[in-house]
Amino acid sequence: MPMIEILWASHSCVVACKPAGLPTTSPPGTPCLQSKLREQFEQAGTSTSYLTAVHRLDRPVSGLVLIALRKKAARLLSEQFRLRRVQKKYVAVVEGDAREACKQEPWQDYIAKTPDQARVEVVEPETADARSAETKVSFLDFDAASNRSRIELRPVTGRMHQLRIQCAHRGHPIVGDPLYGNAEDESALQLVAAQLSFRDPTNGRAVEVVLPELPF
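Numbering-wise, the sequence shown is residues 1 to 216 according to UniProt numbering.
Because the hints were derived from the structure by calculation, they are not lab data. For glycine and all other residues, C-beta sits at the position ideal for the given N, C-alpha and C. Treat the hints with care, as some may be off.
Stated by the list, open to error - Derived CB-CB ranges, DEER-like:
id: 1; residue 1: 7; residue 2: 85; range: 27 to 33 Å
id: 2; residue 1: 11; residue 2: 115; range: 41 to 47 Å
id: 3; residue 1: 197; residue 2: 19; range: 18 to 24 Å
What the hints assert, rightly or not - Straight-line C-alpha distance at most 35 Å; calculated DSBU-like pairs for lysine-lysine:
id: 4; residue 1: 71; residue 2: 136
id: 5; residue 1: 113; residue 2: 36
id: 6; residue 1: 113; residue 2: 136
id: 7; residue 1: 103; residue 2: 36
id: 8; residue 1: 72; residue 2: 36
id: 9; residue 1: 72; residue 2: 103
id: 10; residue 1: 136; residue 2: 72
id: 11; residue 1: 72; residue 2: 113
id: 12; residue 1: 113; residue 2: 103
Whenever a hint applies, use it, and build me the whole structure from the sequences.
Next comes the structure, spelled out in structure tokens:
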């Protein structure tokens, strides 16, 4: 596997670009973003005793992940996520013309885990274990030839499979999503974490990292 690209770094944290198909974290012995970064740091002679992802991307999703290199940094960054001070932007290619769906923003739903399955569903607010999910959306463009749209997604909350289920619930599943879209579609999931904004835990300065090139 190619080296993991690091797009921004300080002595206490880095922003890495996770390839699609690689888990953010995994049990010992199974390759993941964290283990690959540890290997890279060791090979470069800059190994660190502490390295942890402050948030996660689903395995099929590519893009920016914030990695803490100090326990204090992990705590401060986790607090930023808890207070919803970290801004994340995703770009997705979805089936159909999503212009009307994007006009109904923000998308606000209640979702709950499907019993005995690794997926979620949109439910009524009074459903047991229902959690609110909110996403701000913007329409980018529509390709009539493929009948697909590109949209920008800015999640306010961070629920399991939130963006994937919210797109599918509105009739515009993300291309390459067999779980919530076409079960026979074997193409890569066209969802990427394209931008990340946060405060540097070292000095409190605002940081904005943007993926230099989208994969689709």
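Hint check:
Residue 7 and residue 85 have their C-beta atoms about 20 Å apart, which leaves the hinted 27 to 33 Å range violated. Between residue 11 and residue 115 the C-beta distance comes to about 45 Å, which sits within the given range of 41 to 47 Å. A beta carbon spacing of about 22 Å between residue 197 and residue 19 agrees with the range 18 to 24 Å that was offered as a hint. Simply put, residue 71 and residue 136 have alpha-carbon atoms about 31 Å apart, close enough for the 35 Å limit, and the pair holds.
For the hint linking residue 113 to residue 36, the alpha-carbon distance of about 30 Å falls within 35 Å, and the restraint holds. Only pairs whose Cα atoms come within 35 Å are accepted, and residue 113 paired with residue 136 is accepted, the gap being roughly 22 Å. Taken as a hint, the residue 103 and residue 36 pair is broken in the structure, with Cα atoms around 40 Å apart against an allowance of 35 Å. At roughly 22 Å between alpha-carbon atoms, residue 72 and residue 36 fall within 35 Å of each other, so this suggested pair holds.
Taken as a hint, the residue 72 and residue 103 pair is broken in the structure, with Cα atoms around 41 Å apart against an allowance of 35 Å. A threshold of 35 Å between alpha carbons decides the hint, and for residue 136 with residue 72 the separation of about 31 Å falls inside it, so the pair holds. The suggested pairing of residue 72 with residue 113 holds, with an alpha-carbon distance near 32 Å, which does not exceed 35 Å. Between residue 113 and residue 103, the direct Cα distance comes to roughly 27 Å. Compliance with the 35 Å bound is thereby established for this hinted pair.
Violated hints, in rising order: 1, 7, 9; the structure is consistent with all others.
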